[in-house]
Amino acid sequence: KNEVEQSPQNLTAQEGEFITINCSYSVGISALHWLQQHPGGGIVSLFMLSSGKKKHGRLIATINIQEKHSSLHITASHPRDSAVYICAVSPYSGGGADGLTFGKGTHLIIQP
Amino acid sequence: GAGVSQSPSNKVTEKGKDVELRCDPISGHTALYWYRQSLGQGLEFLIYFQGNSAPDKSGLPSDRFSAERTGGSVSTLTIQRTQQEDSAVYLCASSSLRAPNTEAFFGQGTRLTVV
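Which chain is which? The protein sequence lines are V and P, in order. The numbering of the first sequence is this note's numbering, which starts it at 49 and goes up by one. The numbering of the second sequence is this note's numbering, which starts it at 5 and goes up by one.
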């Protein structure tokens, strides 16, 4: 079973700061997902990546397959970015979203 | 619809009562997943549907939990004789294929509180 570790667990930063959230996993994967969960509980898929780097607005996600590590960056952070960010990995064999292993999430608070 | 829709968004029920949670996946998505997120815990897989069949029920925590999907679309998760430990956010997701690199789209979740 893949062990997915996220760091930090909690992060409080000032508006405008550059934010980095890390995710490491123990077993090789086919894809990694970054999810955003707002206080109401709803989840939005931010990125799915298998290699390299993806960018969407102020969000950037990178993955290093050899090191089994991914980072989610937020540039020019804003209070509306406050949420729980969850990393999830898909295994090589079988698996769709049922095969996802989730990290416990990083609780981000951006203060104005 | 435009996204995955779940209802109700919040449900408070008395211990021992049955509850039904509903998920409307994105139109055309054949794969549907149910997850649970208990307070302070990470997401936990419950059950997966491919079309109307559920090849993997391994995540259901007890025989009080059941789920069905009809017409390859709407799914209901039923919890019988609810217990306080069933209190959690129940999330549904759908994807076009059950494949490792296919993005899953999540609903807003149903927050269940058993009192």
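If you're looking for bench data, these hints aren't it; they were derived computationally from the structure. There could be a bad hint or two in this list.
Derived BS3-like pairs: lysine-lysine, alpha-carbon spacing no greater than 30 Å straight-line [claimed, not checked]: (1) P:15 to P:61; (2) P:21 to V:49; (3) V:101 to V:152; (4) P:21 to P:61; (5) V:152 to P:19; (6) V:102 to P:19; (7) V:102 to V:152; (8) V:49 to V:152; (9) V:49 to V:101; (10) V:152 to V:116; (11) V:102 to P:21; (12) P:19 to P:61.
Against the structure, the hints:
| no. | hint | result |
| --- | --- | --- |
| 1 | P:15 to P:61 | 24 Å, holds |
| 2 | P:21 to V:49 | 35 Å, violated |
| 3 | V:101 to V:152 | 23 Å, holds |
| 4 | P:21 to P:61 | 23 Å, holds |
| 5 | V:152 to P:19 | 28 Å, holds |
| 6 | V:102 to P:19 | 46 Å, violated |
| 7 | V:102 to V:152 | 22 Å, holds |
| 8 | V:49 to V:152 | 15 Å, holds |
| 9 | V:49 to V:101 | 26 Å, holds |
| 10 | V:152 to V:116 | 17 Å, holds |
| 11 | V:102 to P:21 | 46 Å, violated |
| 12 | P:19 to P:61 | 24 Å, holds |
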